[in-house]
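Okay, so the sequence shown: first residue is 0 according to numbering that gives the first Met the number 0, each after it adds one.
Honestly, the hints are just simulated from the structure, not real lab data. Honestly, I wouldn't trust all of these hints.
What the hints assert, rightly or not - DSSO-like cross-link-like pairs, simulated, lysine-lysine; straight-line CA separation at most 30 Å:
| # | residue 1 | residue 2 |
| --- | --- | --- |
| 1 | K428 | K590 |
| 2 | K726 | K212 |
| 3 | K691 | K411 |
| 4 | K1034 | K895 |
Said to hold, decoys possible - Cβ pair distances, simulated, as ranges:
| # | residue 1 | residue 2 | range |
| --- | --- | --- | --- |
| 5 | P758 | H714 | 23 to 29 Å |
| 6 | T442 | R614 | 58 to 64 Å |
| 7 | G482 | E719 | 51 to 57 Å |
| 8 | E436 | E991 | 40 to 46 Å |
| 9 | Q805 | T172 | 52 to 58 Å |
| 10 | P758 | T442 | 48 to 54 Å |
| 11 | A259 | K92 | 53 to 59 Å |
| 12 | I711 | G414 | 19 to 25 Å |
Beta carbons: idealized from backbone N, C-alpha and C, even for Gly.
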Amino acid sequence: MELFDDEIEHQSTVQPKDEAMPTQEDPKTPEKDSNSDFDDDDFDFDELALASQTQTQRELSSANFKGRGTVVELWGSEHVIVEKADGEFFKIKTDPDWYLQVNDIVHGPPDFGSVIVAHSDNLISSTNVATAAKCPREAVLGDRFRDAEYGSRGSVRMLIGTILHEVFQELLTESIKGRIITVEKITNEFKKVAANFVEDIMLAGSDVDAVVKESECYFPMISSLLKGLCQTGFDTKLQFASTSNPNRTDHEDSKIKIEAVPDIEENLWEPRLGIKGKIDITAKIDAMNLGNGKRKKLVTPIELKSGRGDQLIQEHRIQTQLYGAVHAIRGNQQYQKTTGLVCYIKTGKVFSVPVKKIEIDTIMERRNVVAGYLRRPLKEEDEDYRPLPPLIPDGRRCEFCFKRSLCSFWSKVEGLTHEDAKTQEVFEKEQEHVSPELLKYVTKWTRLGLLEQKNINRKLRGKEIWNNKEDEKSMLKGLESHGPPVRSGNRWKTLFKLPFTKNWPFDLGQSVYFSHGERLAVASGWVTRLNPSKGLKSRGIVELSLNQCLPPQKDYQVNLGKGAGGGNFDTTLWLGNLMLYASPYGEKLQKILLNPPTFRKSVKQNFPETYDFARDTLKKALTGRLNVHQKKAIKLALEAKSYSLIQGFPGSGKTSVIIELIRILLALGKRVLITSHTHSAVDNILARLLPKMSKQQVRETIRIGADKKIDITLHHISEETRLANCKTNEDYQNVYEKARLVAGTCMGVSRHAVFTGGPVDYAIVDEAGQVSEPIVLGALVHSSKFILVGDPCQLPPLIHSRSAKQNGAQISLMERLSKSYPDSLRQLQIQYRFNNDITALANHLIYEGKMISGEKNGDQTLLSVHKEWKFSESQVWLNDAIDPSKTITFIDTSAKLGLENKIEGRGYTNPTEVDIVKYLVKRLNVMKVKKDCIGIIAPYRAQIELLREKLESEEGVEIDTVDKFQGRENKIIIISFVRSIPDLDVDKVNSELLESVNRINVACTRAQYKLIFVGCKKTIQKIDITNKLVSFLEKNKNITKLAPDEFPH
């Protein structure tokens, strides 16, 4: 059988189970609780210019290229020069479709192959490699848009396959022990396993009973297979690569019997082949040659397939051959003695798959094509979108393809016509809802998402487990099992004792990967609970949620927070949300966003049937303690036919508005989603809302997300609590249908089964100015109307790619809609946080005089709350800084220049400013200011780390970046600007963080009573926004100079 024989009939109507995706465990992967910080080194610089294509002058090795190397030069279109770590250079043949460029990583071919592994640091799933044999386009689409659906019929078939796999694997061990596996036992085991997939089954639009009924046809054959494979022996034809000619096959009629199962669902990350995957069963087999009676012992990968399998399907052959290749390359046995088995559990057919050199070469060529498209989805010259691999002519395959809707959409984008007329007709019908505006929108944001993914991958590259084996900071050895693993759904809760150490290596939610020898990431997961050690006399305990049940061993290597590269959860969801939005499921949201918003003339017109039920709640909200701006915002939101926007200035009470809106909407009988990009924002609203709700309303509230991410005071309404006793579809459905208020992060709710209980009437997004547009789509697609609440003048969405930012990725949906349709926006202009001095500063910087101080806080100073405060300082600068009657002071260090230190990859430090800040904290403490009343902000991570180190004894003082201070406040805020250049002759200082008016605005509006700046005035005047700040401070005489002899030591 030729490996890539196009005559082979395509029968892959059952999608292979998902391969290991180490960068995204599953939809329950914990979301980040806040945006990561970044600094001036986090730019998306273009990759190094391509090296000259003229003939190299380097001395080239005549040996065969083996091992790992780096591309250092391109040689024409079909060759590259590769350098190994030992300094040897090799000329390697490549293919233009692999898109290799300078600095890319490649690996030499295995002993049983001759094709190099391009982009070997990008691990491609074996399923996608197998798919690429017939359709590279399907493979690329499947990897790029992994999370593009909300339930489908295809998902039911995949779930059945997954459950059957687990049932077979679970009963295999029992069968090896000689127990008879009856159909009744299989049925009971299937129901037991299916109970762990109830939510997934619901999302796929089915129920457990229907899935059981659809799967019953497999049970008799599973019983027969287990008996044959594990007890009586199973007759089959084993195939091996010929020792005389590695491209030919030796056949042996054999009786095989499984003696032991060393591993089930073995996780594979193999950078030497550039692949990843999961082997269903790794078995030790006794094989007797029926011709000569000789026996041999084999270690064999076995793939279970739920399709018919009347003949060996090509994709399954490739996938199994890759797993055999991994066994061979790891030295389990020679490749000529290695064979894999494909077992079709519906028909009972078992096929042997040898590791053949010519086939491995063809497989690796296809793998390299997929890797090239995934590594470089954008053109190098202009970062424009690179077309996908071409359509294949096989219309029948396209008809049954699981990625057909994705393919037809991007065919429309690329202007392609399928040569099969029937398939083209299907494509056109599938995309008849897609308008030119939608095409333009999705392609724009897809490109921006790929730019962001490119930048993130660039930073992660080289930090994978196999590239950092000696990185002690991210590696831990000596963990010991602390009790047996406990199954929880599809995962295993596992306790470990840590070795004796002073340094506590784990954080809640942190990713962990277990390796054993050459077997990388045999299990992966995240930290769920911590019990830290108390120094060297005790051992800490850590609970992990893992995707595998680990056997008890002491020699695991644990890597912290490192993956296999190839994207991250944020950008995967970004791209998936775009395709969900572009699907028929997103049509309602498409109509909302592609048309101007409209409004009723009154609230009653919008709710004619339920208005009277909410009259009292509405009256209290619109005539109560809320100010006029808050009332106008609520009224417009309730009159909106599609959406409205509420801009909450700092300290303006936007949370109070959100709470009143939720109460009114619930009283109107509406189902509501409250979401944000952080768990803390969601929990803050719920903590204030629940006491104002009736007991019945609280019972009808569900907080989506893992308990470890949710405030402990809200665990009684968490999904873990609500679903604790659910066992059937009906149980889950009852919980979801009764949930009138759903709360969770934008990422957490985007694919959640709670919406199988029905979409929500309203989605309210808090901190909407901080959520990137594609991420918020995942929440809005489940709602009929939405209300965005936030402040585009504060922190924007966190985007790492410089190119993506320049092309608009940092513009949130709220900012875009507020500029396009200003009539849909109401501003909360009265702030209740700080006094008139800081209000004037904020108005000068960004709010253009629109911000108003509340009546009670306008004239407040620190003296208002510290009436007994007495001070007397000999130094003028210090006297000005801590004077409780003064609100704003800028301590100018310009008397000494060049105080900054650049820290590669971490920004800048300024030890002198750290000393000044430390001195200020001590003097404020002497004046009876509590340490927890002081917050310190700096723009760079390196400065934050230095501040924390030097102020370690000042427990209670809050030290963090601007990003982490968003949404928080303190009585006194000290801001360290850090930058202090040695040469003032330059016209401009480049600092992305200090050039951001939004970040400066956030930093300045965190203080309630006193705002102290520490910085080099002459340096920051060379930055536009901080120069604007200095001008205001000079005008208001808020600057005090530090003399050369007054610097703290």
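Practice task
Indicate whether the distance between the beta carbons of Q805 and T172 respects the range 52 to 58 Å.
Solution key: Between Q805 and T172, where Cβ atoms are some 57 Å apart, the hint holds.
Exercise for the section: Go ahead and decide if the range 19 to 25 Å is satisfied by the Cβ distance of I711 to G414. Expected result: violated (55 Å)
Practice task
Hint says 58 to 64 Å; check whether the CB-CB distance for T442 and R614 agrees.
Solution key: violated (47 Å)
Problem - Cβ separation of E436 and E991, checked against the hinted range 40 to 46 Å - result: violated (32 Å)
Problem - Distance restraint between K691 and K411, which requires alpha-carbon spacing of 30 Å or less - result: Distance ~51 Å between K691 and K411 Cα, so the pair is violated.
Handout entry: Hint consistency between K1034 and K895 [alpha-carbon to alpha-carbon, up to 30 Å]
Key = holds (23 Å)
Problem - Range hint 48 to 54 Å (beta carbons of P758 and T442) holds or violated - result: violated (27 Å)
Exercise for the section: Evaluate the given range 53 to 59 Å for the C-beta pair formed by A259 and K92. Expected result: Taking Cβ atoms as reference, A259 and K92 lie about 43 Å apart, which means the hint is violated.
Handout entry: Distance restraint hint 23 to 29 Å, applied to the beta-carbon atoms of P758 and H714
Key = holds (26 Å)
Problem - Pairwise beta carbon distance, G482 to E719, judged against the given window 51 to 57 Å - result: violated (21 Å)
Practice task
Starting from K726, check that the Cα of K212 is at most 30 Å away, please.
Solution key: holds (18 Å)
Problem - Satisfaction of hint between K590 and K428, Cα-Cα up to 30 Å - result: Between K428 and K590 the Cα gap is close to 19 Å, so the pair holds against 30 Å.
When the structure is compared with the earlier hints, violations turn up for hints 3, 6, 7, 8, 10, 11, 12 and for no others.
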